[in-house]
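Build out the structure end to end from the sequences listed, making use of the hints.
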Amino acid sequence: MENKKNSTRDRELTLSRKLNAPVELVWEAWTKPEHIANWWGPDGFTNTISTMDVKPGGEWNLVMHGPDGRDYDNKSVFREIVLHKKIVYEHVSYPKFIATIEFEEQGEATFITWHMLFASAEEFIQVVKTFKADEGLKQNIEKLSQYLTGMNVKN
Amino acid sequence: MLALIFASTYLHIIMKARRDVYQAIADPTRRAIIGMIADQPHNVNSIAEKFEVSRQAISLHVRILTDCGLVIVKQRGRDRFCEARLDRLSEVSAWVDRYRQHWESKIDALETYIDKLKKQRDGKQKK
Numbered sequence: 001m002e003n004k005k006n007s008t009r010d011r012e013l014t015l016s017r018k019l020n021a022p023v024e025l026v027w028e029a030w031t032k033p034e035h036i037a038n039w040w041g042p043d044g045f046t047n048t049i050s051t052m053d054v055k056p057g058g059e060w061n062l063v064m065h066g067p068d069g070r071d072y073d074n075k076s077v078f079r080e081i082v083l084h085k086k087i088v089y090e091h092v093s094y095p096k097f098i099a100t101i102e103f104e105e106q107g108e109a110t111f112i113t114w115h116m117l118f119a120s121a122e123e124f125i126q127v128v129k130t131f132k133a134d135e136g137l138k139q140n141i142e143k144l145s146q147y148l149t150g151m152n153v154k155n
Numbered sequence: 001m002l003a004l005i006f007a008s009t010y011l012h013i014i015m016k017a018r019r020d021v022y023q024a025i026a027d028p029t030r031r032a033i034i035g036m037i038a039d040q041p042h043n044v045n046s047i048a049e050k051f052e053v054s055r056q057a058i059s060l061h062v063r064i065l066t067d068c069g070l071v072i073v074k075q076r077g078r079d080r081f082c083e084a085r086l087d088r089l090s091e092v093s094a095w096v097d098r099y100r101q102h103w104e105s106k107i108d109a110l111e112t113y114i115d116k117l118k119k120q121r122d123g124k125q126k127k
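In order, the protein sequence lines correspond to chains D and R.
Quick note: the first sequence, position 7, residue 7 per my numbering, numbers continuous.
Quick note: the second sequence, position 97, residue 97 per my numbering, numbers continuous.
Source of the hints: derived by calculation from the structure; they are not laboratory data.
Check before you lean on any hint, since a few could be wrong.
What the hints assert, rightly or not - Some, not all, of what chain R presents toward chain D, calculated at C-beta under 10 Å: (1) R85; (2) R98; (3) R100; (4) I107.
Note that the Cβ used here is the ideal one computed from N, Cα and C, for glycine as well.
This is how it looks when you write it as structure tokens:
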């Protein structure tokens, strides 16, 4: 109630990882379309990047092609770029969020912190709920295929 | 008239079926109510006093929370006390964890890709 406006706890995610590579390489893998296409998106997805203009105000348009043939449009705008240190982008298509990726040089390694702030708790809950629905769907398809395999064995 | 009663009962059943813990916490007032009664039960009137919305609106929020299984209402004399039942919230945190995993796997993929890139470049340098 009192801290309703200040607290972002209910609509953010923070992840971090120490990567075993110098910051220049990590930065390159993150900011060059020919590299990012190779690792962005969940398992089984491929990516097409039509625009990736890494500068403040620059657009980043990426389509993820799902294993089921569905395409997922991702439109973002870069808000802040600090070479080898920080990338801030705003995901302007659904779901709306601001991602801040910080790169910290640790000798030959790089510590990255990935922070995502959703527009509202409502939207964050909706995203998690949709994700839950998708996961549920995936599990259902798995169950169905297991079931069908079982049927084949019996026949 | 009878048809109207049936229709409204039916509608209530449909709405009830749609209610889940996500709907419960999707509204800031409902989240605030949960926060208020998490530690100790409050009566409906004292909850209503804390908010700048009508008592009817608070009653509706309490009813949704009850339907979602996050609150139970106990009658004590003339007062109706709201008690929090927060077990079901763990359902949400479990799914937030799954969603987090989704982003973790993106970083996994980045890590794997960088290792590959590094090996390629080291190989070239040695030649």
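Check your understanding: When the nearest CB of chain D is found for R/I107, is that gap smaller than 10 Å?
Key -> 5 Å, holds
Review point. Can R/R85 be said to touch chain D, with a Cβ gap under 10 Å?
Key: 19 Å, violated
Check your understanding: Taking the least C-beta to C-beta distance, is R/R100 closer than 10 Å to chain D?
Key -> 6 Å, holds
Review point. Was the hint right that R/R98 lines chain D, CB cutoff 10 Å?
Key: R/R98 check passes; min Cβ-Cβ to chain D is 6 Å, inside 10 Å.
Checked against the numbered hints above, the structure violates only hint 1.
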